[in-house]
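Taking the hints as your guide, dock the two standalone chains into a single complex.
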Amino acid sequence: MKISLKWINDFVDVQDVAPEKIADLLTNKGLEVEAIENKAVQFKNVVIGHILERGQHPNADRLTLCQVTTGEGKVHQIVCGAKNHKAGDRVVVALPGAVLPGNFEIKLSKIRNVESQGMLCSEKELGLSQESEGIMILPATSQIGQPFAEYMGFDDVVMELKVTPNRADCLSHWGLAREIACLLDRPLKIKEPSISFVGSTKSKVALDVQDTELCPRFTGTYIEGVRVGPSPEWMKRRLEASGMNSINNLVDVTNYVMLELGQPMHAYDAREIKGNKIIVSKAKPGEKFKTLDGTELTLSGTELMIRDAERSVGIAGVVGGQNSGIQDDTTNVFLEAAYFTMESVRKTARQHGIQTESAYRFSRGIDPSNTLRAANRAVELILELAGGTAYGDQHDSNPNPVEQKVIDIQIAQVEERLGHTVEPQKFTSWMKRLGCDVSVVGSKFRVIAPLYRPDLVIKEDLIEEYARLNGFEHIPEKLPTLGSSPTPHSQEYLLQQKVHQFMRAEGFSEAFTFSFVSDALQKKWIQSAQNLSGFVFKGEPVRIQNPLSDELNVMRQSLFTGLMQSCLHNVRHTLNVGRVYELGYVFDSQGDEFSQNSSLAFISWGQPQSLWSSNNASLFFETKTVVEDLLKSLLIKSYKFEALEAVSFLHPGQTASLKVEGKVVGFLGCVHPVLLEEEKVRVPVVYCELNLEQLLKGQPRKYRTKSISKFPMVERDLAFVMPKTLKAGDIIADMQKAAGAQLKSVLIFDVFEGGNLKDTDKSVAYRLIYQDMEKTLTDEDLQKLDKIVIDSVSQKYSISVR
Amino acid sequence: MSNVTSSFEEISKIEQAALQKVSQAQSTKELYDFKVEFLGKNGSFSGLMKFMKDLSPEDKPKFGQRVNEAKNRLEEAFTAQNQKLAQKEISERLAQEKIDVTLPGVTRSKGSPHPITMVIDEIVQILSRVGYSVRLGPLIEKDFYNFEALNVPEDHPARDMQDTFYIDKTHVLRTQTSPIQIRTMQAEKPPLRVVGPGSVFRCDSDISHAPQFHQIEGLCIDKKVSMSELKATLTYFTREFFGNTDIKTRLRPSFFPFTEPSAEFDSQCPFCSGKGCRMCKQSGWIELGGCGLVHPNVLRAAGLNPDEWQGFAFGFGIERMAIIKYGVEDIRLFAQNDIRFLEQFL
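Sequence order for the protein chains is Z and C.
The opening residue of the first sequence carries number 1426 in the numbering used here; numbering runs sequentially from there.
The opening residue of the second sequence carries number 556 in the numbering used here; numbering runs sequentially from there.
One thing to keep in mind: the hints can contain errors.
[To be verified] Taking lysine-lysine and the PhoX-like style, the derived pairs with C-alpha atoms no more than 25 Å apart in a straight line are:
{"no.": "1", "chain 1": "C", "residue 1": "K697", "chain 2": "Z", "residue 2": "K1772"}
{"no.": "2", "chain 1": "C", "residue 1": "K665", "chain 2": "Z", "residue 2": "K2057"}
{"no.": "3", "chain 1": "C", "residue 1": "K779", "chain 2": "Z", "residue 2": "K1903"}
{"no.": "4", "chain 1": "Z", "residue 1": "K1884", "chain 2": "C", "residue 2": "K779"}
{"no.": "5", "chain 1": "Z", "residue 1": "K1948", "chain 2": "Z", "residue 2": "K2105"}
{"no.": "6", "chain 1": "Z", "residue 1": "K1446", "chain 2": "C", "residue 2": "K803"}
{"no.": "7", "chain 1": "Z", "residue 1": "K2084", "chain 2": "Z", "residue 2": "K2122"}
{"no.": "8", "chain 1": "C", "residue 1": "K596", "chain 2": "Z", "residue 2": "K1903"}
{"no.": "9", "chain 1": "Z", "residue 1": "K2105", "chain 2": "Z", "residue 2": "K1923"}
{"no.": "10", "chain 1": "C", "residue 1": "K778", "chain 2": "Z", "residue 2": "K1903"}
{"no.": "11", "chain 1": "Z", "residue 1": "K1454", "chain 2": "Z", "residue 2": "K1884"}
{"no.": "12", "chain 1": "Z", "residue 1": "K1851", "chain 2": "C", "residue 2": "K779"}
{"no.": "13", "chain 1": "C", "residue 1": "K596", "chain 2": "C", "residue 2": "K626"}
Hint data in this document are derived by calculation from the structure and do not stem from the laboratory.
Note that this is a predicted model, so its numbers are computed, not measured.
Only chain C is shown next, with the shape it has when bound in the complex (with noise of 0.2 Å):
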């Protein structure tokens, strides 16, 4: 029969003996070790139940109870010191890790649309709004496209205000985008309203002039289209795309043959809200584009009857609309594709 006494003190003395051990542990892994050797399956406190056997029926609950009790306290102060030494362990290692934060990023390519791109997509934007549809066409035109049906018979004075580039006797580069209007009135029953951008071609080029550039044009074919609602549809429009809805625009009479009446169309300078600047040439007001009723000789060719069918168009220029809105200086920016250039209108 063994002594319970002894047997306590052996509780005791391991338990002393962890106890130490676990204060003086350095490290999470140290700790384990120790918490292995002592309260693991074959550790320590499993060796004491060896004595269990020689103590008396009422003495071994005692036992149980008292090793038990030594247990969790040991528990309790691994838990602590873990605790510790984790903390400690983890600031070591974000000390350690420490990285230069001015150090450059990863690159990785970009891409960016081409600010002619990023006007033609925003003004489809803001025209779809008001229920236009996008339509393109050919850029190698039939003569009858790009002139006679839009109301610039041969050896018309009107030919005159296009420089145009010849293919053979009936084909031409379009020099505008209005011949789109004439494809969709063709093939399309009206109520209409679609917008057309795209690439035009004038044989001139100078510093302000490139031989290749873009238009964008709208069109509205219905019972009945008046100036009025032109004009509205015009400020509609000026107003989403500088995004100030105070702008005002007018109208200044002009001439194109396919339209009649006929009409300049400009905005009030976004820059300096018509006071008066150097990108207004300090008149208060910006040329935006032409615009007027669809002539009825156009919508004949296009075969409507002009007594049933009524319209209004209107054209921009992209590379104006992207000199303005984006303050590029120099036209042959927009060819170069200089990717400094490009790389601005991420």
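Extracted from the complex, chain Z is given alone in its bound form (with noise of 0.2 Å):
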């Protein structure tokens, strides 16, 4: 909110404090000043000038060379590039040192090789004006010399407030005037208009407020005979200062003192009130109103309206009608001025999705005993701009009053809460300079808020009054105790732990990609209904109902979009080798059920081009390493890789799911080939994405550390030839059932196909690490391992050795 300080001053004395001044007490008390704006700092070194000479400048046919006095004897030579200037005319001369908006700095200057000693300016280049032909030529009665900011009232300073939503009272120049008479502890300057009613406004325009509920109090007036036409300067000036524009005097009245007391208020053509009657109620479902701007709109039936005997003529507090509201040719209006309750007006303001200023101040909380005083003071006002008869014997329904809310409170609860001793006296004359009445009662104070503070309710509020305006520096530091153990971390937490460590370990660096994604591009590469038994993506995605832009509108089902996107990001950036992994959540949606599971996924890609490495492994073969790396690291031993081809932006030939005890976990595989293509990936890609939740069942597990066998191990080759059909892989587990606990462990070392080999078939290389715990193993037990183990898998799958 934008507030004058000039216009503060209409209400408290703070001429003698410097702007920068106020705007710091304010802050540190709680009412944020955004910036502050000098009009008269702003237009330094910007005079009134008369033109003594109109010469042509020697080097340039277009430009005029002008001797300028700003007086007292000063004569400045100027070149100037307009035409609608002669000798003998005031001009608005910017000299050096002169700062004009735009940060455009004013210097001597040499122009075409003669000295230019300042700038004649243009309205435009004063910021007064979007456009402007020619420079701003002054009415010739204009005094040489004088400052242009005081010649153009620019004597003001405005400030901009962050006013947060509890401090509605402070959204007006009386509001803002009160709480700086409170900080400063000065009086407040009230003055009474004074009107000569003349008859009865209830005699011209009835009222009925039937819903006292949501309109507690309604305040009427009837003015006849006005002139509509624009405002004066001098209120046109103050609106513009609080960012409204001026329209005419009458809607003008309205926005003023709006900003001055902080009452909404709304002024209909009298002649538009069908049957000489306002009736406040709720709207008739399914009704259509036209707003003021024309826009039309269905009525759900919860809205509070404002009728006349036919017709709705304005939304309650949000916004009048296009049928009552003031013409050019308007000459009787009823002035409203009412309290409706702040729910009812936000309810209504949201569901219509409205803003305007009114709704705000009414949706926040004004003050209900301010009706009349507001009234009073736009009557004053139109009776001055608008001329016009004010009708006496005003309409202010006032049923059921809003009470003032009676707040008890011990010095001592203020003490235990802020951790320091207070005094009473001082406490009370805070709370008397904020407008409560204070008496004791028995041990307590009891409070009574004012009217303008709804956000005073119970005595934490009068805590915090008293905490903000002591100050919060007079609050001495003291550590708490430990009155008890401290718990745990969240398992979840201490897990995710984990699994950072291992993947920093393996080489991966940690992304951050947002949970919602593109629906389109989701769909597009994960493709919906990929029915992947035990694992994410089999739902609907969960929709965002007011997205930011298509690119962001559902929760991701997989880290998969997130994480490509990031690839190619950075492939793009031809940054070809890359190793990053992100835990998140994935969402997914059900009929009305959501889940939110912790998945990770890392994705790599290119290899990285080194002097020492051959740079021909596998990537594939790489990231399964990876996954073997961290089941080892969770102690999770069975384990199984398993061919897959169900997803559908991975190679269907390159792919493998993880089953882990039995249930799916997660997959890897190589992006799909076509996706690389169509994105220009011209390196590897390999995607890997496990289901945390699934992987972390059972952890923490426990280490069971085994005995070290004393005797030797012993390594032994062994080659089959088998269909290239077969997994290698799958055969390690019957040699191991085979041979029992002695095969230690088998490793495949070489793959080998063509040469003498059939076309079908290919040259699996294993070894065999045989270990006893009891004894060293004989050439004899060797042999008859060795036997057990070939006789078992050539005998299951008709393999032979090499």
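Written out as structure tokens, the structure is:
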């Protein structure tokens, strides 16, 4: 909200306080001043000048060379490109040192070899209008040498305040003046409007407030014989200072009074009030209503409306109707100043998406005791600016007045919450300065809050006010004592930490991508209804009702979309090698149910180009190792990789699912070549995603250390010729089953195709490591073991030792 | 009977031949071969033993002694020469094995934490030391936890403070980490000291706001809790976080629906120690977060009796802390995952 200091000064004297001081004070007391605009300072070194002589620039046809005086015998030679000036004109001169809007600094300069000692300004250059032709010519009566800011009446300072939702009382100049008066302990200046009323409003327009719950108070005044026209400069300037445009004198008065006293007002053209009657009641469901700006609304029936005998003429506290607003030829006016409840106005404004200054103030809570005063202030101004006659015997329906809040509080309670001693006198003094009534009731203070502070309801509100006004700096610092043992961190957090550490140790950098993605892209890449049992993205994505854009309109079902986009970002910046992972949530909806699952995904692209590496390691198997090591670090021993074709964005021949203890917990694979081609990616990309919730079931597992055999380990190599279709890894389980505990491990160390092998065959070399816990294995033992291994697999798979 | 003298001569002859060969040896390998030739099982000195059987009993010991003396001298010569040759050989080898140390190191992929995670972990560590433990919560949150229970009923003006993404009538993307407070108070028995980090969402986006960002929130619930204790906790935190034991903090009055009194909390600028610089816009202070005493309505909504339990709460924006601490200049970097950015946090 924008506040004019000059306007504030109408209500409390602050002329002797520097604007920066006031801003600091307000900010430190919870009303943050975000900007100070001082036009007088802005137009430093800009003065009114008189053109003594208009000549021709010697070196440029289009430029003039003027001799300009700014009084006291000072004459400046100024080059000017405009054409509309002549000798004898009064003009606006920006002298060296001036800084015009847009941070345009005026300096002594040479234009085509002729010195120019300033600039003659146009309205545009002064920031007074968007467009202007030629320089600004002032009336001949203007005083030579007068500062331009003074001439324009720019002697005001405007402050932009961030008013928090609880401080509706500060949304007006009067309200803020009241706060400043409290902070500075200065008196408020109150001017009673002087109006001579004639006749009776009630005899002109009848009032029937049917819903007194949503409209506790309604003040109405009838004014006859006004002339609609422009507002005077002083009013336009104040409205502009507060960020409002001038429309006409009547509408301006309603806005002016709202900015001055915080009471939203509405003026109706009285000839449009059918049946000379105003009714306040709820809308009819399905009713159509056209607002001032012509928007047609269909009402639901919960809205509080202002109606005449036939139709609705305004939505209470939100916006007036097109059918009854002030026209250029309006002569008779019905002026509304009412108190509608916060909840009602807010709900209606939100429901129809209408934001008005009026709705903003009502929905934060205005002062219910202020309607008559505001009405009379408006009447005073209308009579002054538009003429006419005001009718007395005004309507002031107030059947169930808003009651003041009574709060009992003990000093000990204030002390306890703030943690320091509080002098009762200091406390009561601040409460009184706030406008509260304070009395002593037994051992307590009874504080009655003023109606303009609807936010003061409970004792905590008063403690906050005292802390704020007295200053937080007076609160001493004392660390709390620990009364009970700390609890453990959440298990989920601890396991996440473990996974984070593991992934970084594996050489993956952590990525963060948004939890929402483009529905179209997610659909395109991941496709709906991919049924990977036990894993994510089987339902529909969770939709955001009010997304920022189509790029971020559904919750992600997999981390793939975000990580693939991150990979593309890097590849497009020629960062052709990368290893990143993300630990985040994925979302799914089934009917009305949402699920959010913790997921771990990592994406690898490209191979490091290095002097030392051979660069032909398979990215798929590099990734597989990461998964296996992760399982090892989680002490998971029973797992299995199986070929998988179901993931649409992965290569159907280069993808595996991971089963842990019989359940699918994830998959890994090379990104589909078609996708890579579409995105013009020329390096291999491998992606893996694991359902962390599944994976971390039963974690943390316990380490059970096994003793180490003292007897020698023996390596034996065996190669088998087998059909290419046979999965080389599957055989290992058979070997282990057959050989028993003496076979410690089996490693595939070579796969060979071609040579004298059949086209459909391959040779796979296994390294078997034997060891016994109790004895050294003899040659005889080893031959026996080899035979068991060979017999078991060659029988089962019909393969032979090479 | 063989002549002692001639056998002695034979010893000298062999010894001379051996010593000469030793002195001429070019490599340790050659030297070793000579050693075998003279001193080995079938070497020349073993050959001398054939004289033994022809010597008189009194000459036998003399002969033996001579042989041993010669052998010893030879051993010494071997050792000396071996040492010399070995030294020469190792220096030759070292010279030959010289590498170009300016060639690049072997590339290994390195993993770094995201700066957001770094800030969260650091804050968690600092607060853990004064008894706080981590709690997490869902991102799609019930309206009740995100608003109602936090003293922001439907149609309350405070709802305007946060632009909310809606999922359906009763669910939103959480706009703050505060719902974690409510969930913890409902699930656990006080006293409580918990810290809740995580993603939050607001539907405004511009150069300085991303629609998804992170917060961390601390909550302390006990029989008696005061502003004084809140202030001290925040000062402790700030000093630890910036690693500066002199840094000052201050509270400024503000408004949050879920705390009362409410305050913004500022730290003396860690870059200029309060003197004024570009980072603090010459004010000497930087805004870190919001805080206050838990509003009684919030305690009530979470099932605690405000006459029995009190609390304070505080929260920070993680990205802001990362910007201050690591000098990140563009918030878009946080979600872009450019590896040139990520790898700076190794």
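Hint check results:
Only pairs whose Cα atoms come within 25 Å are accepted, and C:K697 paired with Z:K1772 is accepted, the gap being roughly 20 Å. Of the pairs offered as hints, the one joining C:K665 and Z:K2057 holds, with about 20 Å between alpha carbons and a cut-off of 25 Å not exceeded. Restraint check for C:K779 and Z:K1903: satisfied, since their Cα atoms lie roughly 13 Å apart, inside the 25 Å limit. For the suggested pair Z:K1884 and C:K779, the alpha carbons sit about 16 Å apart, so the restraint of at most 25 Å is met.
A hinted pair counts as satisfied when its Cα atoms are at most 25 Å apart, and Z:K1948 with Z:K2105 qualifies at roughly 20 Å. With a C-alpha separation of about 23 Å, the suggested pairing of Z:K1446 with C:K803 holds against the 25 Å cut-off. Among the hinted pairs, Z:K2084 with Z:K2122 is consistent with the structure: their alpha-carbon atoms are about 13 Å apart, no more than 25 Å. Between the alpha carbons of C:K596 and Z:K1903 the distance comes to roughly 90 Å, so the proposed pair goes past 25 Å and is violated.
Only pairs whose Cα atoms come within 25 Å are accepted, and Z:K2105 paired with Z:K1923 is rejected, the gap being roughly 36 Å. Of the pairs offered as hints, the one joining C:K778 and Z:K1903 holds, with about 16 Å between alpha carbons and a cut-off of 25 Å not exceeded. A hinted pair counts as satisfied when its Cα atoms are at most 25 Å apart, and Z:K1454 with Z:K1884 qualifies at roughly 19 Å. Taking the CA atoms of Z:K1851 and C:K779, the gap is about 24 Å. The hint holds against a cut of 25 Å.
For a cut-off of 25 Å, the pair hint linking C:K596 to C:K626 stands: about 13 Å separates their Cα positions.
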